[in-house]
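Generate coordinates for the entire structure from the input sequences, incorporating the hints supplied.
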Amino acid sequence: LLLILNSVRHKEVSENDKSLSKRKLFGILFGLEALALALFTVMPDSTENGLSVPHLTESGFFLHLVAYLSLSALGYWACRHSFIPVFLFVILYSTVLEGVQLYIPYRSFNYWDIVANLVGIFLFTVILYLDRKRRVKLN
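Here our numbering is used: the first residue of the sequence shown is 4, the next is one more, and so on.
Don't read these hints as lab results, they were simulated from the structure.
Each hint should be verified, as a subset may be incorrect.
Below, computed lysine-lysine pairings styled on DSBU-like, alpha-carbon distance capped at 35 Å [stated by the list, open to error]: (1) K140 x K27; (2) K25 x K136; (3) K27 x K136; (4) K140 x K25.
The structure is reproduced here in structure tokens:
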């Protein structure tokens, strides 16, 4: 009986370690994406100085939506039990990054970028809600 309990206990620790390492990976990816978005915010447009730099303003609504949907998803998976703080952080972060563009001479502020960011965040929330609803029906 002690051997069985001990093996079960090791399995639980092993599964917890896997879960923790996944959360760490998602946390690292969340940080990298947040950093990339910040860098894209301050980079000059690709038309200036003949540079070909990917940026969010030219690509439009869809790229903003995907960027903030994925940032929301990574934040959720990194902090699984704290979605509301992550959700609020991503909203604030997207708004601040767009606001920073008011003070960068070679960038321009666009309300539609904020709308696209919020739609991406909201879309992830809807996907999460539908997934939870589906899981409840399966159980």
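Is it true that the CA of K25 sits at most 35 Å from the CA of K136? holds, 24 Å
Run the distance test for K27 versus K136: straight-line Cα separation, threshold 35 Å. Holds, because 27 Å separates the two Cα atoms, which is no more than 35 Å.
Holds or violated: K140 to K25, with C-alpha atoms at most 35 Å apart: Holds, at about 26 Å.
Quick one, are K140 and K27 close enough, alpha carbons at most 35 Å? holds, 30 Å
Against the hints set out earlier in the document, no violation occurs for any number.
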